[in-house]
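K.L.:
Produce the entire structure from the sequences given, and follow the hints as far as they go.
2 protein chains.
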Amino acid sequence: MISQNMKKLIEKSAGISALFTEAKKMKEQYGAENVYDFGIGNPNVKAPESINKTAIEILQQEDTIILHGYTDTAGYAEVRKKIANHLNRRFDTNFDEENIIMTVGAAGGLNVIFKVLLNPGEEVLTFAPFFSEYTAYAMNAGAVLRAVPPNLETFLPDLTALEQSITKKTKIVLINSPNNPTGVVYDESIIAEIGCILEEKQKEYGTDIYLIADEPYRELVYDGAEVPYVPDYYKNTIVAYSFSKSLSLPGDRIGYLVLPSQLEDYDEIKQGAEVATRVLGFVNAPALQQKVVAECCDELTDVAFYDGNRELLYTALQSYGYQCIKPQGAFYLFVKALEEDDEAFCQKAKQYRLLLTPAIGFGCPGYVRIAYCVSRETIEKSLPAFEALAKSYQ
Amino acid sequence: MISQNMKKLIEKSAGISALFTEAKKMKEQYGAENVYDFGIGNPNVKAPESINKTAIEILQQEDTIILHGYTDTAGYAEVRKKIANHLNRRFDTNFDEENIIMTVGAAGGLNVIFKVLLNPGEEVLTFAPFFSEYTAYAMNAGAVLRAVPPNLETFLPDLTALEQSITKKTKIVLINSPNNPTGVVYDESIIAEIGCILEEKQKEYGTDIYLIADEPYRELVYDGAEVPYVPDYYKNTIVAYSFSKSLSLPGDRIGYLVLPSQLEDYDEIKQGAEVATRVLGFVNAPALQQKVVAECCDELTDVAFYDGNRELLYTALQSYGYQCIKPQGAFYLFVKALEEDDEAFCQKAKQYRLLLTPAIGFGCPGYVRIAYCVSRETIEKSLPAFEALAKSYQ
Numbered sequence: 080m081i082s083q084n085m086k087k088l089i090e091k092s093a094g095i096s097a098l099f100t101e102a103k104k105m106k107e108q109y110g111a112e113n114v115y116d117f118g119i120g121n122p123n124v125k126a127p128e129s130i131n132k133t134a135i136e137i138l139q140q141e142d143t144i145i146l147h148g149y150t151d152t153a154g155y156a157e158v159r160k161k162i163a164n165h166l167n168r169r170f171d172t173n174f175d176e177e178n179i180i181m182t183v184g185a186a187g188g189l190n191v192i193f194k195v196l197l198n199p200g201e202e203v204l205t206f207a208p209f210f211s212e213y214t215a216y217a218m219n220a221g222a223v224l225r226a227v228p229p230n231l232e233t234f235l236p237d238l239t240a241l242e243q244s245i246t247k248k249t250k251i252v253l254i255n256s257p258n259n260p261t262g263v264v265y266d267e268s269i270i271a272e273i274g275c276i277l278e279e280k281q282k283e284y285g286t287d288i289y290l291i292a293d294e295p296y297r298e299l300v301y302d303g304a305e306v307p308y309v310p311d312y313y314k315n316t317i318v319a320y321s322f323s324k325s326l327s328l329p330g331d332r333i334g335y336l337v338l339p340s341q342l343e344d345y346d347e348i349k350q351g352a353e354v355a356t357r358v359l360g361f362v363n364a365p366a367l368q369q370k371v372v373a374e375c376c377d378e379l380t381d382v383a384f385y386d387g388n389r390e391l392l393y394t395a396l397q398s399y400g401y402q403c404i405k406p407q408g409a410f411y412l413f414v415k416a417l418e419e420d421d422e423a424f425c426q427k428a429k430q431y432r433l434l435l436t437p438a439i440g441f442g443c444p445g446y447v448r449i450a451y452c453v454s455r456e457t458i459e460k461s462l463p464a465f466e467a468l469a470k471s472y473q
Numbered sequence: 080m081i082s083q084n085m086k087k088l089i090e091k092s093a094g095i096s097a098l099f100t101e102a103k104k105m106k107e108q109y110g111a112e113n114v115y116d117f118g119i120g121n122p123n124v125k126a127p128e129s130i131n132k133t134a135i136e137i138l139q140q141e142d143t144i145i146l147h148g149y150t151d152t153a154g155y156a157e158v159r160k161k162i163a164n165h166l167n168r169r170f171d172t173n174f175d176e177e178n179i180i181m182t183v184g185a186a187g188g189l190n191v192i193f194k195v196l197l198n199p200g201e202e203v204l205t206f207a208p209f210f211s212e213y214t215a216y217a218m219n220a221g222a223v224l225r226a227v228p229p230n231l232e233t234f235l236p237d238l239t240a241l242e243q244s245i246t247k248k249t250k251i252v253l254i255n256s257p258n259n260p261t262g263v264v265y266d267e268s269i270i271a272e273i274g275c276i277l278e279e280k281q282k283e284y285g286t287d288i289y290l291i292a293d294e295p296y297r298e299l300v301y302d303g304a305e306v307p308y309v310p311d312y313y314k315n316t317i318v319a320y321s322f323s324k325s326l327s328l329p330g331d332r333i334g335y336l337v338l339p340s341q342l343e344d345y346d347e348i349k350q351g352a353e354v355a356t357r358v359l360g361f362v363n364a365p366a367l368q369q370k371v372v373a374e375c376c377d378e379l380t381d382v383a384f385y386d387g388n389r390e391l392l393y394t395a396l397q398s399y400g401y402q403c404i405k406p407q408g409a410f411y412l413f414v415k416a417l418e419e420d421d422e423a424f425c426q427k428a429k430q431y432r433l434l435l436t437p438a439i440g441f442g443c444p445g446y447v448r449i450a451y452c453v454s455r456e457t458i459e460k461s462l463p464a465f466e467a468l469a470k471s472y473q
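Top to bottom, those sequences are chains A and B.
Residue numbers for the first sequence follow our numbering, so the first one is 80 and each next one is one higher.
Residue numbers for the second sequence follow our numbering, so the first one is 80 and each next one is one higher.
It cannot be assumed that every hint is accurate.
If several chains are the same, the list does not tell them apart, and a pair holds so long as it fits within one copy or across any two.
Stated by the list, open to error - Listed next, the in silico EDC-like pairs over lysine to aspartate or glutamate satisfying Cα-Cα at most 20 Å (straight line): (1) 87 - 344; (2) 429 - 279; (3) 280 - 136; (4) 132 - 142; (5) 103 - 177; (6) 86 - 212; (7) 247 - 311; (8) 106 - 459; (9) 87 - 343; (10) 280 - 378; (11) 106 - 151; (12) 405 - 237; (13) 87 - 353; (14) 86 - 347; (15) 125 - 142; (16) 103 - 298; (17) 125 - 141.
Read the hints as simulated data drawn from the structure, not as lab findings.
P.N.:
Okay, structure coming up:
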């Protein structure tokens, strides 16, 4: 008999599991090229060529015992140094290897830092809609995720609602810009304002509130949008980063946490992050991947390709009458479902071989997420299906 | 302010952290070759040559999008199929890809299966001495680790004590053979007897008790010792495996769970293991490493090298008057400290540049663990230091 919590988690993900199973069946039935799968954020852009080239060089040249041995729990020191220097060049920061913890992607990093910071009963506050797994990450640490309700006009953070939502129990405010699932980017004024609110609330309650910036989509921005470097705006900021999207390496499971020295209780947080990396079973981020991203962290995926997908799909969906903001980042469109029940809408979409993700799991029912990190051809071929789906509701 | 639990975990690991820090300092001061570091289980035997060769071939030949993309949560289906076939050949089992979950090492696998099975308040029972991180793994799932007291004569499981220790709360019995830290191997009669006890206790309490076999050292056995395949002896057995030791790949973070179809609630456990893999932040075991071990799982590290280390060190320590059983597996000697306080003994050993691990963290105070997965030269050079240390107590 499995645990009660796991039963609930399985039930919660039953919809998504069913979607996957059905998608697989549909692809077998119709051929993968005739199913328009916008379900998951698995990049269709290849990793830069330097990735495999660098990995091969490392495998050929590196001492085998070092390359396959346990690394420091925080990651190889020279890898962390290179990541720190990379950040210093980009953001004019002053990090060194002591500010970096290599992680098993951002998902691993978030679980590590949640484990470090959260006491049972404490709260993680985030803005709806949000990446659906955040809820479980908070639960893993015995804590609770609470969502600030969405602003359905702009999908930007409702800062008044944030202010009202923070309580003595709020230990973490978790932001994700560029955002999954909406694609919005928080500009400097928003980040600065969040910083001010948290400073005030820390004083008001006499607590530490950590702002965690989950940034796997940092580099995927369009129309010249800028993504402010969050630690510049609020002292107690921790960054969770992943190379899954910026270098198209989601299966490699490699990312890092930035723990600025200015953090309240920096020493304990750093020690805690190492202990958490061990006891959560990560032990160290995969060793070869650490070395590869240290060499390739200045590379960038083909953002123009995603931008092309965005323009094509956004323009077409608008013309068919779908309601959607134009995203400035990430690779998702967040579209109002054409009926109230987003799950029913996704079922209907499947009749047109369109696989979409209902947003109820993102804390924003009535919407769907369309992951446009697919081939251009998939988008082109899907357009008549989107049009027919829209017409079916007229 | 970090969490209260993490504070305790940091305190608990303060001794080990201090040991590492001091070891680093000593190596800088005396030169690494003049410090005899028996502290951690980081194999000194190189990974088989086929590992790097296979990794390079995969990087050169595999479709980049597949190789670096998310894999199925359980791992690539063809990788799981190959692992299943490998097990079927070795153990005359009948597994297929549905019985295998690829994991981030055995540490990742144990955290996954604990998350699936354990309700808050339930108990994991294991035999002292035990790998120190098990305590935290149980805590991660809101559960508690309890230890069956050690048999200080043989360090084999005390089965009467096991029988008496099982309660209605016992959800998991966790065994680790070949054992870290003692090197003992449980023979067929022991495994069969454990199976009988658990069958009886399941009936007595009307509960499911899962036997989890943590087997990173399965292949590291000497003197013809045999390691029974545990699922053959008890229906509700789950195996956690890692390639860290058998292929010298601890930094690669790759292993798997075996979920036999005969498990009570197999379907839910399998679904749960996939959900846990996602929500704990592993997402999938590193993709390249999955493909590498699928090709190389029939390879084996140089067991004879470890055997040579074992004979040399065991014989020498005996002659200096240390008390220790002769291990049949893994790469550890478990030695009685020459004073009551094992931590004080390890401090004393440092004066002779010997780095040992106190066994208090393994639930067996008064002993130390010596990891002999080091170079032959390190062992040879360390012998006079062990002798001098023994003499200092006469």
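K.L.:
For each hint, tell me whether it holds in the structure or not.
P.N.:
Here is what the structure says about each hint:
no.	hint	result
1	87 - 344	between (35 Å within a copy, 15 Å between copies)
2	429 - 279	neither (48 Å within a copy, 50 Å between copies)
3	280 - 136	neither (50 Å within a copy, 55 Å between copies)
4	132 - 142	both (17 Å within a copy, 14 Å between copies)
5	103 - 177	between (44 Å within a copy, 16 Å between copies)
6	86 - 212	within (16 Å within a copy, 26 Å between copies)
7	247 - 311	neither (25 Å within a copy, 53 Å between copies)
8	106 - 459	within (18 Å within a copy, 62 Å between copies)
9	87 - 343	between (36 Å within a copy, 19 Å between copies)
10	280 - 378	neither (39 Å within a copy, 58 Å between copies)
11	106 - 151	between (43 Å within a copy, 16 Å between copies)
12	405 - 237	within (18 Å within a copy, 66 Å between copies)
13	87 - 353	between (30 Å within a copy, 14 Å between copies)
14	86 - 347	between (34 Å within a copy, 8 Å between copies)
15	125 - 142	between (29 Å within a copy, 9 Å between copies)
16	103 - 298	neither (31 Å within a copy, 38 Å between copies)
17	125 - 141	between (25 Å within a copy, 12 Å between copies)
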